[in-house]
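For the record, in the sequence shown the residue sitting at position 86 is 86 according to our numbering, with numbers rising by one throughout.
Hints are computed from structural coordinates only; laboratory data are not their basis.
Check each hint, because a few of them may be wrong.
Simulated crosslink set (DMTMM-like; lysine to aspartate or glutamate; CA at most 25 Å straight-line) [as the list claims (entries may be wrong)]: (1) K41 x E58; (2) K84 x D52; (3) K62 x E86; (4) K84 x E58; (5) K84 x D63; (6) K41 x E86; (7) K62 x D52; (8) K41 x D63; (9) K41 x D59.
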Amino acid sequence: LMVESGGGLVQPGGSLRLSCAASRGILRFATAAWYRQAPGKQRQLVAKITSDGTTTYEDSVKDRFTISRDDAESRVYLQMTSLKPEDTAVYYCNTVHRGVPQQRWGQGTQVTVSS
Numbered sequence: 001l002m003v004e005s006g007g008g009l010v011q012p013g014g015s016l017r018l019s020c021a022a023s024r025g026i027l028r029f030a031t032a033a034w035y036r037q038a039p040g041k042q043r044q045l046v047a048k049i050t051s052d053g054t055t056t057y058e059d060s061v062k063d064r065f066t067i068s069r070d071d072a073e074s075r076v077y078l079q080m081t082s083l084k085p086e087d088t089a090v091y092y093c094n095t096v097h098r099g100v101p102q103q104r105w106g107q108g109t110q111v112t113v114s115s
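Using the sequences and the hints, build the whole thing.
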């Protein structure tokens, strides 16, 4: 089980920090990832982090978003800065293996960027 939190309404240029609490053991040796789904669009991969800390980002969020993990606390984070209206979406976390999400999707957390 993975539970997302930290979303909200923020003005353009603002920041948010998303948090994902994973059941014990899920993150062990796993690549963790954040996805988002905007209204009327498919869910897309935003960022991922391997068990050794290697990170990858979708082009539109590079230099603005930072993914991190705390395996001792079984948590994954997404620090989002310089937010844009096009970042508005429901954000989800998951583990991923060979490009395939491994866990049941949680409720996600809504991020709305608007003035």
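Taking the hints in turn, this is what the structure says about them:
no., hint, in the structure
1, K41 x E58, "holds, 16 Å"
2, K84 x D52, "violated, 30 Å"
3, K62 x E86, "holds, 14 Å"
4, K84 x E58, "holds, 15 Å"
5, K84 x D63, "holds, 13 Å"
6, K41 x E86, "holds, 12 Å"
7, K62 x D52, "holds, 20 Å"
8, K41 x D63, "holds, 23 Å"
9, K41 x D59, "holds, 17 Å"
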